[in-house]
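Peer 1: Chain residues, written in single-letter form:
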Amino acid sequence: MNIRRVLALAVLVALLAAAGAALWRSAQDPHRDVAGRLASGLSCPSCAGETVADSRSPMAAAMRTTIDEQLAGGRTPEQVRDWFVQRYGPEIIADPPWSGIGALLWILPAVTLLAGLALAVRTATRPRSSSHTGAAHEPSTGTDEPAGGKDPAVTRRAWDVSALVLVGLVALVAVGAARTASEPNPAPPAERATSSPSGEVAERLARGSRLEAQAEFAAAAQAYGEAAELRDEPAIRLRQAFALLRAERAAEAARIARGVLVDLPEDPEALLVLGLAQRADGSPSATRTLRKFLKRAPEHPAAPDIRRLISG
Amino acid sequence: MTDRASHSPDEAPPTRGWHRLWWVVAAVSVLGLGVVLTAGLRFEGTGEGAATGPATQVKDEAAAPLAGRTLDGGRFDLADLRGQVVVVNVWASWCGPCREELPLLAETARQWSGKGLSVVGLNVRDKDAAARQMLVETGAENLTVVTDPEGTLAVDWGVVGVPETFVVDRDGRVRVRAMGVVTRQWLDQHVLALVRS
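So the protein lines, in turn, are chains S and W.
With the numbering used here applied, the first sequence closes on residue 312, and no number is skipped along the way.
With the numbering used here applied, the second sequence closes on residue 1197, and no number is skipped along the way.
Isolated chain W (complex conformation) (with noise of 0.2 Å):
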């Protein structure tokens, strides 16, 4: 039978030098391999930690249009707001990340009324009862929110994902956008900026 002690000792250790050695590179590349696309996964996901903030993107060119239905029943169209800084921010009940952003918005929302800046929700691809029970739940029921049932607006703003946040100015130019959960010290450094000059 076969008997694996029988290793002959003239056998080729070069070649069984060799041999480990591959065995050791391959097994070496191999994790390499599985760190880089662990390490690539961490580019994926947008709600990426409230430590660093959102990806932002500086831009400078004229708001998509913005009309519609609000949540409440009532109408909504951010030509009337030029003049204003605006917040747009688009989520979904559905969205996780989007729970923990709204709140704040809310607070911003209340705080800064008839202050010069404005803050609307646009709900896209959701059902209106989900999206108010959410609101209900994070205390942000004083939000304006826009409704995008088809998503068709959320596309004409080239919307990725939910959350995204794009501010606009006076002159209703979208300037900066953010994918991902916005902090309070984003909305200082990129919001309250704009509207103090």
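Isolated chain S (complex conformation) (with noise of 0.2 Å):
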């Protein structure tokens, strides 16, 4: 084997290694908090094989924001997955079935990096072509003769007939595909469950974040007191105080805000909350609480409004 064999091979290991390792990647869930891990189990609907975690899409973005409004209301992750079932159909789970053409989608690229690493092989301990001898036989469109070693046809033939089946395979993972997106395929008959299990509260919230949604703040405020009345939750109660503030009653937002700071002292969100209610009523403390948000959650996604209010 001389230096360039060995360059060429490899170069060859290195890609399928980094086949091997993307493909293996792509297969983990790199989300570690509950909304992200129940958004990367779902499947874009309008897009093609993405989650709803990664899909830039505007309906993709509206289901992350129900994802997170369901689960803020206190519904579970498996509620949850089930109120988009009825709605969307079992195919928006997006775990990739093992059975069918699915399975096509991991043995296609595992059957591709397995051939590849044959070629590889292959490469490696094949004996060198008379090209490299200088002989008068040129490599011409392959009728080349390695000299010793297997017989040209067999291995041009082998060649020839794996590259075929591949395209074959990937030709069927194509039609079928195209099979699967073109049939929209109807919603389950049943009828949708208005109330889950944990009823009273999960439905005041969602009331809450209903009237919320239409700008009707002091009404949410209600619905979200309703709610922390039945399950005295910070979360449930940061949402009561945030709709105040939009209701512009921020005295009462930053009481309850400062009831959430006393079991939980340094609690980002309420500290978010407390800060822009004095900023509301103009108290001099609110650059300083803002301040103390940012410190406690610097890649919040409001922090960057936030620093520029403080600045501006």
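Watch out, some of these pointers could steer you wrong.
To be verified - Distance condition first, Cα-Cα at most 20 Å in a straight line; then the derived SDA-like pairs of lysine to any residue:
1) LYS1059/W with GLY1172/W
2) LYS1059/W with ARG87/S
3) LYS1127/W with THR65/S
4) LYS1115/W with ASP1060/W
5) LYS1059/W with TRP83/S
6) LYS1127/W with ARG87/S
7) LYS1127/W with TRP83/S
8) LYS1059/W with ALA215/S
9) LYS1059/W with ASP1072/W
10) LYS1115/W with ALA215/S
To be verified - These stretches of chain S come out as covered by chain W in the derived footprint (C-beta under 8 Å, 3 or more residues):
11) 55-62
12) 160-174
13) 203-213
14) 280-290
No lab work stands behind these hints, which were simulated from the structure alone.
Think of the CB as a built atom: it goes at the ideal place given N, C-alpha and C, for glycine as much as any other residue.
Put the two chains together into one complex, using the hints given.
Peer 2: Here you go:
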């Protein structure tokens, strides 16, 4: 084996290893939080093969917001998944199916990798072709004859057969994918569940969400308040506070946020609401509170806006 | 040096013949694959042609809630329209094909106002100003449009993309769903039948 062969083999192996690593990585789930994991488990219905977590499409963004609202409202991930399945059908669950056409999605890359590996091995172990010795045989379109080694016709045919099989497999997957995409599956006829098992609280939270979306902040705060009476959780209290803030009742919002901070002294969301409430009231401690929020949660989605607010 | 003309006449012709055949077969399969993939792409778009109309699903399920602020600052609640047939059209200003059907929907709304059929738009993941602009441009300012900036109302309806149209019967049940631009024929076929029944 000369140095060129070794290098070629090394490049091939490196590429295959990278491909293998990429395949393995794509099967991993990068999301650690509950909402992210839920979103990664749902497939974006209008995008080919993307999950709700990864997709940039507007409907996927809407689904992510819906997931957040429902989780904040106290639903469990299973309940949220069921809710989505009722509306979009079972195909919205993103786990790649291990039967039928779906299996090909996993088998095909694996087969390609193995075929590539086999070719790499063959290249490494093939005896030198006569072109290296400078003999009069030139490499033409397929009749070069390596000195010794396997029968060239068989080798070539094996190459071509495997190439064709690969092309055929890819075509099969393409047809299958086109076929499944073109049939809009009707949603299951079962009635939608309007209340979840944790009924009372979830219902009020959902009402609050809806009212907030309709810019009815005072009514939304009322709904959240009722939910908080039934289940006194910081998350629900903070939603109430936030709605009060938007309803221009900053003093009440501040009171609730302070209540949360008694139990959770450094909670970033509570600091955020308190800081904004203080700012609305013109209180001088607003900036200090908001800076504390930024220190606790520099990666919070609202952080850039808050930074701008403080410095502006 | 290499001499391309020196193909000796006693090179194995059968191997060459096979070889050419494989190349042809390979070329044909690649071409075939291209055709298949292109054919597959045709099923992706939802704006697939006024000639054939939108993809249609027949359903029979209770409509999800649809209540909220309208573009002109008013309030809307689908529950108030029980007893009428309601066409719910999901659209957005960033949706090109939606532009084609807005004039038709506005005209339908005008024609049938007070006669048992209502049309309401659901403006999803959009900005009020852009939405109003689109209505002006398409002559559809008379349309009642509920805003859904977060898109959560649309998700409750199982919306996949835009445009989509749902037809709700007098008992508040969704009976038909179109995924794609609706045409006059489609409305005649699926909506007016419900109105007249």
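Peer 1: Hints first: check each against the structure and report whether it holds.
Peer 2: The hints, checked one at a time:
Note on LYS1059/W and GLY1172/W: the hinted pairing holds, with a Cα-Cα distance of about 12 Å set against a maximum of 20 Å. Of the supplied pair hints, the one linking LYS1059/W and ARG87/S holds, its CA atoms being roughly 12 Å apart against a limit of 20 Å. Simply put, LYS1127/W and THR65/S have alpha-carbon atoms about 17 Å apart, close enough for the 20 Å limit, and the pair holds. For the hint pairing LYS1115/W with ASP1060/W, the CA-to-CA distance comes to about 23 Å; that exceeds 20 Å, so the pair is violated.
In summary, the hint linking LYS1059/W to TRP83/S is supported, as the alpha carbons are separated by about 18 Å, within the 20 Å threshold. Among the hinted pairs, LYS1127/W with ARG87/S is inconsistent with the structure: their alpha-carbon atoms are about 26 Å apart, more than 20 Å. The suggested pairing of LYS1127/W with TRP83/S is violated, with an alpha-carbon distance near 27 Å, which exceeds 20 Å. For the suggested pair LYS1059/W and ALA215/S, the alpha carbons sit about 32 Å apart, so the restraint of at most 20 Å is broken.
Under the criterion of a C-alpha separation no larger than 20 Å, the hint pairing LYS1059/W with ASP1072/W is inconsistent with the structure, at around 31 Å. The suggested pairing of LYS1115/W with ALA215/S is violated, with an alpha-carbon distance near 31 Å, which exceeds 20 Å. Here the region 55-62 of chain S counts 5 residues with a CB under 8 Å from a CB of chain W, which clears the bar of 3, and the coverage holds. Beta-carbon proximity to chain W at under 8 Å applies to 8 residues in the region 160-174 of chain S; the threshold of 3 is reached and the given coverage holds.
With 3 residues having a Cβ less than 8 Å from any Cβ of chain W, the region 203-213 of chain S passes the three-residue criterion, so the hint holds. Counting residues of the region 280-290 of chain S whose CB lies closer than 8 Å to any CB of chain W gives 0, so the stated coverage by that chain is violated, three being the minimum.
Checked against the numbered hints listed earlier, the structure breaks hints 4, 6, 7, 8, 9, 10 and 14; every other hint is satisfied.
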